[in-house]
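Undergrad: Line by line, the protein sequences give chains A and B. As numbered in this note's numbering, residues 1 to 339 make up the first sequence, in order. As numbered in this note's numbering, residues 1 to 538 make up the second sequence, in order.
Some hints could be false.
Said to hold, decoys possible - With the C-beta cut set under 7 Å, the calculated list includes, among others, these residues of chain B facing chain A:
1. N111
2. S117
3. S121
4. D136
5. G137
6. S214
7. G217
8. S388
9. T402
10. I408
11. I488
12. F492
13. N493
What the hints contain is simulated information worked out from the structure, not anything from laboratory work. These numbers were taken from a predicted model, which means no experiment stands behind them. Think of the CB as a built atom: it goes at the ideal place given N, C-alpha and C, for glycine as much as any other residue.
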Amino acid sequence: MKKILFTILALSFFETFALAKEVNVFSARHYDSDVQLYQKFTDKTGIKVNIISGKDKALQKRITEEGTDSKADLYITADAGRLGAFASKGMFQNSLTPAIKAAVPSNFRTSKWTGIAKRARIIYYSPERVNANDLNGMTYEDLADSKWKGRIVIRKSNNIYNQSLVASLIKNNGKKATAEWAKGVVANMARDSKGNDRAQILAVAAGEADLAVANTYYLALMLSGKKGAEQQAAAKKVLPFFPNQGDRGTHMNISGGGVLKNAPNPENAKKLLEFLLTKEAQQHIVNNTFEYPMIDGVKPHPLVKQMGLGFKQDLETKVANYGKNQAAALELMLSAKWK
Amino acid sequence: MGKKINIWYFSSFLISIVVAIPIVTVFSSFFETTGNYSLILKNTFLYDYIFNSFVLLTGVLILTFIIGVGCAYLVSFYDFPGVNFFKWVLILSFAVPAYIYAYSLTAFFENYGTAFSILKSLFGEGNYNIFIPKFDGMMGAIISISFSLFGYVYVLTRASFHYQSQNLIELGKNLGFSKKKSFFKIILPSARPAIVAGLSLVAMETLSDFGAVSFFGISTLTTGIYNAWISFDDLTLANRLSFYLLIFILGLFVLENLSRKKAQYHTPSKGGFKSKTLIKLKGLKSFFAFKFCAIIFFISFLFPVLQMLYWTIIFPKHLIDLNLVELFLNTILLVILSSIVLISFAFISNYGNRVSRSKFLEVLTTFSISGYAIPGIILAVAFITFISWFDNNIIDIFGFKTIKSIFIGSIFGLVIVYFIRFFSLASNGIKSGYLKISYSIDESAYLLGYSKFKTFKNIHIPYLKNSMLLIGILISIEIIKELPITLIMRPFNFETFATTAYVFASQDLLEAAAAPSLFLILIASLFILITSKYILKD
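Generate the whole structure from the sequences, applying the supplied hints.
TA: Pasting the structure below:
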């Protein structure tokens with residue numbers, strides 16, 4: 001018994017003595033392909049990448065409580081709001097290097113964190129039941145129009161992508177107008193909110209609803225056949241529509257990361273961030289996750305290209321604003337009885 | 001009292017304190033201020049959350065009662081084709097965690113899911129989606145949790161039936177009761193303590209479930225806790241909500257303890273037990289009994305296994321990419337370390353309680369193990385918060401180096417939190433074994449000049465070997481399935497079957513989650529197989 005306890009203790013002590021050439025990543029973005037990418041980084045630089053993946057807030061809590069003793073160097077997550085909220089607690093240090101600054105457009109980064117890949121939250125429709133003319137010039141704001149009564153599916157209010165979308169609406173239209181909008185959307189729902197983004201698209205394919213709101217990469221994922229032949233066929237029954245082309249553009253979000261305040265290996269973390277923003281890494285990311293590249297000169301996956309590339313992205317609403325308005329967004333969605 | 005008693009007393013006391021850490025941390029939130037989320041919550045969904053938690057709990061309790069007691073009744077009193085097979089395969093449901101059941105349920109019934117594929121291959125193209133029932137939301141959660149937990153009710157009720165004599169049915173016959181009347185008037189009441197014990201375990205697991213509930217996106221108190229924390233950064237309110245949950249559970253514990261006391265009264269001594277002859281069922285009745293057990297076995301075990309197997313076969317790449325050896329070794333490492341730690345300390349604590357016979361210690365132990373009902377994710381965070389506070393306020397004062405990295409992000413810390421989470425399981429198991437050893441045995445040993453330690457080592461441990469093995473296996477199965485604590489507490493680059501399945505599922509690749517899920521179920525099943533004979537006996 002004593003021996004065993006001693007061994008456990010010895011092992012856990014051993015954890016404290018970190019190797020010099022390494023970088024510790026806390027990641028709430030769990031792509032298998034990211035792991036392959038880190039391996040490429042190690043092959044190139046000799047810096048070992050250690051990973052813990054987990055739920056976003058749980059990881060943040062662990063980093064916060066570990067405080068100055070934290071071994072975490074780089075925090076990676078999906079959704080700009082999450083990065084913003086963590087940054088507002090002062091958990092990041094200056095993460096930008098000249099290379100990152102040059103590569104990433106200013107509205108997708110702050111001094112504390114940077115986007116790594118982009119996604120758009122768009123509308124999907126059934127071409128059988130929705131006339132393309134009806135969609136002409138459609139905006140997110142129009143989702144509250146009573147002509148869509150009983151025809152829309154969208155995820156629950158606790159979903160972070162919805163919170164960021166609504167946060168951007170608050171930024172553009174104010175809280176009061178957005179609260180009214182949320183009530184309109186709830187009135188237009190074909191069913192109580194349930195399921196993930198892919199389930200919304202499938203609901204349109206199956207005829208349960210005519211419009212769905214979901215991120216871009218979900219359709220590409222189904223079209224790729226990775227979800228099986230049935231879903232590949234189902235995905236072909238819906239078409240993507242990019243809203244707000246007549247004004248500020250389509251709502252964009254990012255997955256991204258930042259170097260942590262107490263990082264023991266900040267330089268290695270910055271090197272990894274820089275690597276993730278190279279053409280080689282970006283190509284690997286977009287080929288596997290169906291996101292949009294963060295830097296110029298990299299082509300998205302052909303299936304994403306097929307959905308349309310020429311659309312206008314909302315570059316006016318800085319993604320850094322999402323975090324500030326997310327709590328207000330959830331509050332007004334809940335008040336509108338958005339499940 | 002001699003010096004040795006003090007050591008046992010002290011160890012027992014210390015163990016209770018460690019286990020009580022998260023409860024105390026949660027309780028301390030009452031002295032902090034909450035954010036404005038509580039107000040928003042009150043105005044909007046608080047009652048929905050409570051209502052949903054209530055519906056979920058009621059649904060699961062009704063379903064597990066019907067399935068668990070129904071199966072136990074059939075296999076305990078009747079003889080029908082396959083009865084000996086069903087007796088133990090029905091326990092295999094323990095191997096399927098509720099979150100993996102939820103993955104399977106969704107995969108099969110969703111729009112263009114497996115059910116759609118089957119119908120299409122049978123009847124050709126068609127819009128089958130509208131005819132396929134959708135087991136999602138509340139319905140999905142109730143089904144997933146019920147079929148992964150009914151085993152508790154089944155095993156405990158069956159053990160209780162097992163020790164009843166055949167006379168109960170004979171008695172009913174003599175009184176001129178119909179089978180139905182005998183069941184409701186005699187058999188059911190006599191097994192009541194066991195059923196209540198099983199149902200209260202189910203209730204606790206249901207209330208602390210996070211995986212299945214969050215997968216289906218149900219707004220329960222647990223979701224409220226998570227929302228308070230995730231979206232409003234209001235950990236204080238999150239803790240406070242968990243505390244309400246805790247009070248509820250404490251009530252269940254008291255109920256369970258009361259029924260246990262009754263069970264003690266009802267349990268006939270071993271000498272009086274006679275093996276009974278089963279009533280042979282014929283014709284339609286036999287077919288019905290067979291059908292009932294077969295359906296339950298299919299739904300609870302074969303269905304999720306087949307769904308995962310189907311995916312693993314049509315997407316073999318995910319299996320090939322899996323680092324099986326490493327995942328297996330990691331899982332087993334956690335299982336072995338935790339079992340040893342849990343069983344040893346559960347022994348010490350129980351022995352301490354026994355030799356000191358202190359009411360205070362008994363109450364403290366009961367209080368501390370109610371932590372079982374705190375959702376794992378909250379428990380892990382409470383632990384991290386406590387360690388951080390302890391390190392900043394106590395360790396720093398004495399000028400020592402930080403202790404955080406010993407406890408957070410290490411196997412050691414992970415095992416401690418497992419210890420806190422599952423101590424009640426281990427402790428209750430050992431306790432029920434101890435209840436069978438009469439105090440007079442201890443006293444005889446002392447008269448023979450045995451020391452406290454020698455009594456413990458030479459008499460109690462051999463006596464409780466079977467309980468120990470059984471508890472060890474139960475703990476192992478729980479740890480193989482455990483997810484939220486492992487996720488947050490584990491060291492760098494450390495994956496188990498459970499965390500791998502989660503990582504894939506969270507990026508909406510349930511297909512890739514299938515292979516690790518399948519292995520998780522297989523390993524847990526193996527553990528169950530090894531001990532099915534012990535589980536069924538007691």
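Undergrad: Does each hint fit the structure? Answer for all of them.
TA: Now the hints, each set against the structure:
1. N111: Where the cut-off is 7 Å and the nearest Cβ of chain A is about 4 Å from N111(B), the hint holds.
2. S117: 5 Å, holds
3. S121: Violated, because the Cβ-Cβ distance from S121(B) to chain A comes to roughly 10 Å (cut-off 7 Å).
4. D136: 6 Å, holds
5. G137: Nearest chain A Cβ about 5 Å off; hint holds.
6. S214: At about 9 Å, which exceeds the 7 Å cut-off, the nearest Cβ of chain A leaves the hint on S214(B) violated.
7. G217: 5 Å, holds
8. S388: 4 Å, holds
9. T402: Interface hint status for T402(B): holds (5 Å vs cutoff 7 Å).
10. I408: OK, holds: I408(B) within 7 Å of chain A, min 6 Å.
11. I488: Holds: closest Cβ of chain A sits about 5 Å from I488(B), inside 7 Å.
12. F492: 4 Å, holds
13. N493: With Cβ-Cβ at 5 Å, under 7 Å, it holds.
Figure legend: structure checked against the earlier numbered hints; hints not met, in rising order: 3 and 6.
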